[in-house]
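Chemist: Spelled out from the first residue to the last, the chains are:
There are 2 protein chains.
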Amino acid sequence: MSKENKDFVKEITKMEDDFAQWYTDVIRKTDLIDYSPVKGFLVLKPYGYALWENIQKFLDGRFKDTGHENVYFPLLIPESLLNKEKEHVEGFAPEVAWVTHGGNEELAERLCIRPTSETIICEMYSKWLKSYRELPYLYNQWASVVRWEKETRPFLRHREFLWQEGHTLHETYEEAQNETLQMLGIYRELSEEFLAIPVITGKKSEKEKFAGAESTYTIEALMHDGKALQSGTSHNLSQHFTKAFDITYLDRNGKLQHPYHTSWGVSTRLIGAVIMAHGDNRGLILPPRLAPIQVVIVPIMQKKAGVLEKANELKNILEAKGIRVKLDDSKNYSPGWKFNEYEMKGVPVRVEIGPRDIQNNVVMVARRDTLEKETYSLDNIDEIVSGLLDTIQVDMFNKAKEEREKKTFTVNSLEELKEKMETSPGFAKMMWCGDKECEDKIKEEMSATIRCIPFEQEDLGDTCPICGKKAKHMIYVAKAY
Amino acid sequence: MSKENKDFVKEITKMEDDFAQWYTDVIRKTDLIDYSPVKGFLVLKPYGYALWENIQKFLDGRFKDTGHENVYFPLLIPESLLNKEKEHVEGFAPEVAWVTHGGNEELAERLCIRPTSETIICEMYSKWLKSYRELPYLYNQWASVVRWEKETRPFLRHREFLWQEGHTLHETYEEAQNETLQMLGIYRELSEEFLAIPVITGKKSEKEKFAGAESTYTIEALMHDGKALQSGTSHNLSQHFTKAFDITYLDRNGKLQHPYHTSWGVSTRLIGAVIMAHGDNRGLILPPRLAPIQVVIVPIMQKKAGVLEKANELKNILEAKGIRVKLDDSKNYSPGWKFNEYEMKGVPVRVEIGPRDIQNNVVMVARRDTLEKETYSLDNIDEIVSGLLDTIQVDMFNKAKEEREKKTFTVNSLEELKEKMETSPGFAKMMWCGDKECEDKIKEEMSATIRCIPFEQEDLGDTCPICGKKAKHMIYVAKAY
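Protein sequences, first through last, are from chains W and A.
Residue numbers for the first sequence follow my numbering, so the first one is 1236 and each next one is one higher.
Residue numbers for the second sequence follow my numbering, so the first one is 1236 and each next one is one higher.
Please note: incorrect hints may appear among the correct ones.
Because identical chains share one entry, a pair is satisfied inside a single copy or across any pair of copies.
To be verified - With a Cα cut of at most 30 Å, we get these calculated BS3-like pairs of lysine-lysine:
hint, residue 1, residue 2
1, K1319, K1671
2, K1573, K1490
3, K1319, K1556
4, K1561, K1292
5, K1292, K1550
6, K1365, K1561
7, K1478, K1274
8, K1556, K1292
9, K1566, K1365
10, K1566, K1264
11, K1264, K1249
12, K1608, K1664
13, K1566, K1299
14, K1292, K1478
15, K1566, K1664
Honestly, the hints are just simulated from the structure, not real lab data.
Everything numeric in this text was worked out from a predicted model, so none of it was measured.
Make the full structure from the sequences, and use the hints.
Modeler: And the structure:
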């Protein structure tokens, strides 16, 4: 490593020294996001927004495959509508932004900027729905929402964030439940197959569920520092909102019924998960399917005759294979600087090509995830690189899964849980009686929370290790973002 | 026409009787949009949103082809930022929505919901830009904006609407001017080649330009009722904002400079243009490139053996050709009902297939734009339909252009202009001295406005027909939405 390169990497704090600072440094150095003059409102810069665009493209395709259509509902919601569902308003009213004036006029009724759109959407559904023939309603919207959070953090908790929210209506509870789980399955697919982040899927406790939901399901990921990140949720809202908003339809027997209802969402928070589940002390490591640039070509001694021509030829060959390629032929920076820049930015594969390589009909190919370098013939380089991208995608998932497994442990007492959470945080598996008192105790004593009651239940004993009563569920506990 | 069909069409008011009511009826019957509980905030329903998605896809591709990247800037702008550019704040402050409370707290400074994002974007650009090496900045964002309009109208004027806004910085005035015109060119391409709506391109008068711009360029379309619709604008902002926000960089000679600046946008208003430039008394007529459904297949006597199988086979064949196809095999409605439904929804091509057709290896193909029906062999139906869609796209443009030309006339006096605007409104071509007094007179006497000083100037005389002074420009005048 040249001196220049060492200095460069130094600017990122080591994650072992200060994980929070490492996270902030990576975000700042890789130019994903910036703070705006309004606290908690961030700017998504081109590289950060490109990550969101790729997530959108994947999800939007899966939503449409499963019969959903996109719609757009208003940004502003009258206070009276927000107040209609009791639990919902209690959950959200303290953290909404209020519009009180339009132009120079004071409004007769305050309007809140949507913190989520159940209320305005249900109001419209109540106007539209007439007959069972129109069901199911399978709608999604891409939008930004505002929640006036006290503490904010890039990607993880903004006062304004970009997300999608699905809102569906169904004839039966069972259909709504199937939809809820189907969408959770798509979020799992997004996380595991696209972002290469393994997740625990399961149900939230009563305490942790969405304000107004019958049940909330979640995908929970583990970050490098052993903290969990709730990465997507899908809610079976049953008839809570459809009754509050008096949404009715004539069923197959001509009887008036309230439909069953779901909602589900993921947000730009997922980008925070990618940073903290894959990144290292050199910066980002992006899974190939997500990466805006999958391959960067760095020409060596680019002034020599033929180098840039060959580099451009290589770019065309890789692009013809459907690979997202950047050729960095800028003259202002040395190859060494470029190596570091694109390592920091997490570009999965770097291809170096110089006069000697061209003479030997080879290129040097470097993997970002393992930092391994290997020489390949130019003859079938498109196949090689394309195969390598697939390999990296799978390897990154496996590595993250191994890491999660190393940080997952079983605990049999509150003391053990507390000790683990302090010394080597991660996912604690334990039994639970199901009572809120025990759940509160976990939060009070170590600010950890029940992340979920996983679908894959394990039998870890008969009693709740906190109160000694009969255990109902196996749960995952963790400190969380 | 069966009785059932006649009744159906009756629900849309004839445009000759009441154009405004026709417009509202078409929108309501085709389920594009609905009113929300907040005045001027509308819901884009699936069919309406699908039109916007297709416009987005086209434009986003063209933006990226021309080197632009997407970003996302905050929804809320501090009052002090909005106030920084004098003309801008005068133009927008009277029509913004103000956020005064976050949660239960009153804010120290009011925040407005962006009516457009020049101010917040310039504030960030002033933090980011350091050297000429980083220029140009070529950024775009897809977002919703809020303007507290007094009068609102579906698609044409909402208090909240979806749009894109490009914001670029350049080293020289000339580069900024080239960018401004390049993006106007892309809007022209969108309108003429994608939406099949011919437009006049040109420059806005000083009075009509964007608040804070040096010059505003526009594409102006003509609707069936002879009113013009401003369909997209591109602004050369010169250094107005970059000076107000103190955006500087070190130029090639190490000297501190203010960059040159452009912004440009189109919105969901374009959907209003499509309705009013192409629609007829049966409803929408969608150009094939825009249409969410390009071909609807309606099976006849669908209970007969083999009909649905053949219809599905046909669907697959057309989809393999890249055509967006819907097969409507619902049992609740008759073929006659379906014919009308998809005619109303503007689906460019209908294919009817029944037992007799199958026996003869043919289908009946109907064009929405001309209402012509023709029988074609099933043998190369994909080629036929694909070619027909291309033909319809071109024919619709030509028809709209002919109609516009019929409604375009030259006037030589204020009286003539006034008479024309009252008896047969359309685009009036005339000479103009360039003075605001004459421009004001046009507005006062007939609420028409100068739509633009077109790039394609014609010589219609030497004097301004209003004041008799020497003419500077040829202009287009019209009543406008």
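Chemist: Now tell me, hint by hint, if it's right for this structure.
Modeler: Do the hints match the structure? See the list:
1. In the homo-oligomer, the alpha carbons of K1319 and K1671 lie at most 30 Å apart inside one protomer (27 Å), although the nearest pairing across protomers, at 53 Å, exceeds that limit.
2. Only between protomers do K1573 and K1490 lie at most 30 Å apart by alpha-carbon distance; the minimum there is 27 Å, versus 68 Å within a single protomer.
3. For the homomeric pair K1319 and K1556, neither the shortest alpha-carbon distance inside one copy (53 Å) nor that between copies (49 Å) is at most 30 Å.
4. Taking the closest pair of Cα atoms, K1561 and K1292 come within 30 Å of each other both inside a single copy (20 Å) and across two copies (23 Å).
5. Proximity of K1292 and K1550 under a CA criterion of 30 Å is satisfied in both settings, with 24 Å inside one chain copy and 25 Å between copies.
6. Taking the shortest Cα distances, K1365 and K1561 sit within 30 Å of each other only across copies (24 Å), while inside one copy they are farther apart (53 Å).
7. When the C-alpha separation of K1478 and K1274 is checked against a cutoff of 30 Å, the pair qualifies only between copies, where the shortest distance is 25 Å, while the shortest distance within a copy is 37 Å.
8. In this assembly of identical chains, the alpha carbons of K1556 and K1292 lie at most 30 Å apart whether taken from the same copy (19 Å) or from different copies (22 Å).
9. When the C-alpha separation of K1566 and K1365 is checked against a cutoff of 30 Å, the pair qualifies only between copies, where the shortest distance is 18 Å, while the shortest distance within a copy is 65 Å.
10. Proximity of K1566 to K1264 under the C-alpha cut-off of 30 Å is restricted to the intra-copy arrangement: shortest distance 21 Å within a copy versus 59 Å between copies.
11. Taking the closest pair of Cα atoms, K1264 and K1249 come within 30 Å of each other only inside a single copy of the chain (14 Å); across copies the shortest separation is 61 Å, beyond that limit.
12. In this homomeric assembly, K1608 and K1664 never come within 30 Å of each other (Cα to Cα): the closest approach is 39 Å inside a single copy and 68 Å across copies.
13. For the homomeric pair K1566 and K1299, the shortest alpha-carbon distance between copies (24 Å) is at most 30 Å, but the shortest distance inside one copy (44 Å) is not.
14. Taking identical chains as interchangeable, the C-alpha atoms of K1292 and K1478 are never at most 30 Å apart, the minima being 34 Å within one chain and 38 Å between chains.
15. For the homomeric pair K1566 and K1664, neither the shortest alpha-carbon distance inside one copy (54 Å) nor that between copies (52 Å) is at most 30 Å.
Consistency with the previously given hints fails for numbers 3, 12, 14, 15, ordered from lowest to highest.
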